[in-house]
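Listed here are the chains, written in short residue letters.
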Amino acid sequence: MSARPGAVAHQFDDARQQREAAELGMWTFLLTELMLFGGFFVGYTAYRHAYPEAFIEGSSHLDVLMGGINTGVLIMSSLTMALAVREAQLGRRKGIIINLILTIVFGGVFLGIKAVEYSHKIHEHLVPGPNFVLDSPISNNVQLFFSFYFAMTGTHAFHMIIGIGLMIWLIFKARSGAFNGEYYAPVEMVGLYWHFVDIVWIFLYPLLYLLGRH
Amino acid sequence: MSALTGEDAPPQAPRQHYLNVTYGVRSWLLTLDHKRIGLLYLASITVFFLLGGMFAVMIRAELVTPAGDLLQAETYNKMFTMHGLVMVFFFLIPSIPAALGNFLIPLMIGARDLAFPRLNLLSWYVFIVGGLFTLFAVVQGGVDTGWTFYTPYSSTYSNSAVAATAVGVFITGFSSVLTGLNFIVTIHKMRAPGLTWFRLPLFVWAHYATSLIMVLGTPVLTAAVVLVALEHLLGIGIFDPKLGGDPVLFQHLFWFYSHPAVYIMILPSMGVVSEVISCFSRKRIFGYKVIAFSSLAIAVLGFLVWGHHMFVSGQSVYAGMIFSFLSFFVAIPSAIKVFNWTATLYKGSISYDTPMMYAMGFIGLFTIGGLTGLFLASLAVDVHVHDTYFVVAHFHYIMVGGALMGYMAAIHFWWPKISGRMYPEGWGRFSALVIFIGFNLTFFPQFILGYLGMPRRYHAYPDEFQVLNVMSTAGATILGVGYLIPLIYLIWSMRYGPRAGSNPWKAKGLEWETTSPPPTENFLTTPLVTEEAYAYAAPDVEEQEGARVG
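Taken in sequence, the protein lines are chains A and B.
Going by this note's numbering, the first sequence opens with residue 2, and the numbers climb by one from there.
Going by this note's numbering, the second sequence opens with residue 663, and the numbers climb by one from there.
Since the hints were made in silico from the structure, they are not lab data.
Treat the hints with care, as some may be off.
Under the rule of at most 20 angstroms between Cα atoms (straight-line distance), these lysine to aspartate or glutamate pairs were calculated in the DMTMM-like manner [claimed, not checked]:
(1) K1168/B <-> D1049/B
(2) K904/B <-> D136/A
(3) K95/A <-> E189/A
(4) K115/A <-> E125/A
(5) K904/B <-> E24/A
(6) K1168/B <-> E1193/B
On a predicted model such as this, the values are computed, not experimentally measured, just so you know.
Please take these sequences and the hints and turn them into a complete structure.
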């Protein structure tokens, strides 16, 4: 977040103040993200409370296996992200790049599987809106479930795409030797962001796929 | 009289300062200097203020006569909607924080800039893009849902440019979040040596509390707007009762942000009043820590009262009772502030310069606005006056009588620092008086109208309400003139006003220790703070206090 990589921006007294500011800024930003997803979770909870059967029926239309694989993939990506931060702290350029590429690959696999899931839903006419078709007495309420399914997983996927973009930017910076044992804040900040996005999925998966399923 | 007199030599402007260090449009549009970004905000919100004011003119012009003769009902709906939207999201919320807070916070804490200057500039661009979307909606034919976007007006039955407006509000939210985030980090990490938390000016405390609300509340509005936009664009039924959706859920999500947003508007003004009252009473502020913590208390309690907007919308009676009870609690920290300001005035040596007149106006009008808020927080009374002009009068006493008075006080108080020039004091006091009279004439009759049962948001009304409505429109005319006078003389003073010198008010605070206008880096050497804020006491008073303590 500084003007010149490695250098201390003019408004800061020293590198320590700059790093602390970046850390606090990132955590504050994650707080805002928490509130954003919080709004969705509140809506989900209110409707799940109102229509428990419809939400169970809706979740039985989701593919647990694909969701499960994706959960595993995302946890792996968190590991490689953490390793990338560690490599950055040790100032190992090659390690940073390899681990970031692995993280991007895992993120890409996740998004690919998600895209397959979405296309299945489109074929099954389970996308909310005028084309929604479900042979069920409570199909309207099931449609509500899918509204939240798409709104929440869509917002999550959007965050992942941004995260992947940030990692590509980090790879270019790492290639030019921007990071060393003293200056690695950008890698750490993107790492925090990526872990946050993973944690959101850790909550989305049981809420959408598993809860109430037999 | 003004503290200007008594200076030995006429004040000189510094040779180089943030205004003349570079020239040209490019140097402003790409600036990373928090002072220049503050001025970019100041100019933009002034434009939005004039725009929102024009919508208000149309509203008051229509209401001169009982019949709906000037505007059709649909057009009238668009007028009050656009008035509310522009004034809330594009003037009041960014007003003091983004313009003056941006300018002053680094100066007040002895920093060279905010922690993230590029984020700061980005927030202005985001604000402008959001504003353009909303202006686009105006050109598209306007929006008629009320600024609250209640579903199903905004979804199933919307017949106006809801989508563009919603996108505008959605985008502007990010600028608010970025500003709040920047302030929080700056206040935590960038304070000058010796400037402990309890030596911070109360303006900074107020902005810290404001930033917390911006950061915690705005994302929830974002979530709500995203859901409405999805429903509107894709025809899915998140808030549509036909599909089992609940319109009241939207109201919960909306007010979870939008009630705390009221405190985004009023808290910075409270910070301004603390600065101004202390300076023009030449006295240390009474109860510093209590005022500081009351700002935080307002920020926290503000998140727990949103349900009082929904007493008649079908939420549970028990929820209503709890929200009513919690709403009364907000009155406590607010009253603490008012009492402490009054106690600061006691035995102070008071001078009525323009900022002080606005600050005094704030205290009186905010008290009326706050107390009528308690009427509305009471369940039974609210059922009677809900959606009447009583509510309109109440929140205008808070937002115009409170927030805008504080904004005017701030503009005048720090104008010498911003521009390096004095505004004409006589005109300043005159317009403060005009605004005070115009404001009360506009909005006090609306309390009576509301209590008599005139509903808000209709373009026609029964004949017996005409006298009070004519009074209100007359007041609005006076109020409008009152706002135009400062606009003219402030612009005039940028070129022709007398040089201010670094501290024309003999005020305390780090921002007065640097030159007017300040250099780009704010301070030539990092200041060292050795005393508490508001150390105004004259030597003899200090002795008396020392004797009493001893």
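Consistency of the hints with the structure:
Between K1168/B and D1049/B the alpha-carbon distance is near 47 angstroms, which puts this suggested pair outside the 20 angstroms criterion. Straight-line distance between C-alpha atoms of K904/B and D136/A comes to about 17 angstroms, which keeps the hinted pair within the 20 angstroms bound. Using a Cα cut-off of 20 angstroms, the hinted pair K95/A and E189/A holds, with the two alpha carbons roughly 16 angstroms apart. Proposed proximity of K115/A and E125/A is supported: the alpha carbons are some 15 angstroms apart, at most 20 angstroms.
Only pairs whose Cα atoms come within 20 angstroms are accepted, and K904/B paired with E24/A is rejected, the gap being roughly 46 angstroms. A distance of roughly 16 angstroms separates the Cα atoms of K1168/B and E1193/B; the hinted pair therefore holds under the 20 angstroms criterion.
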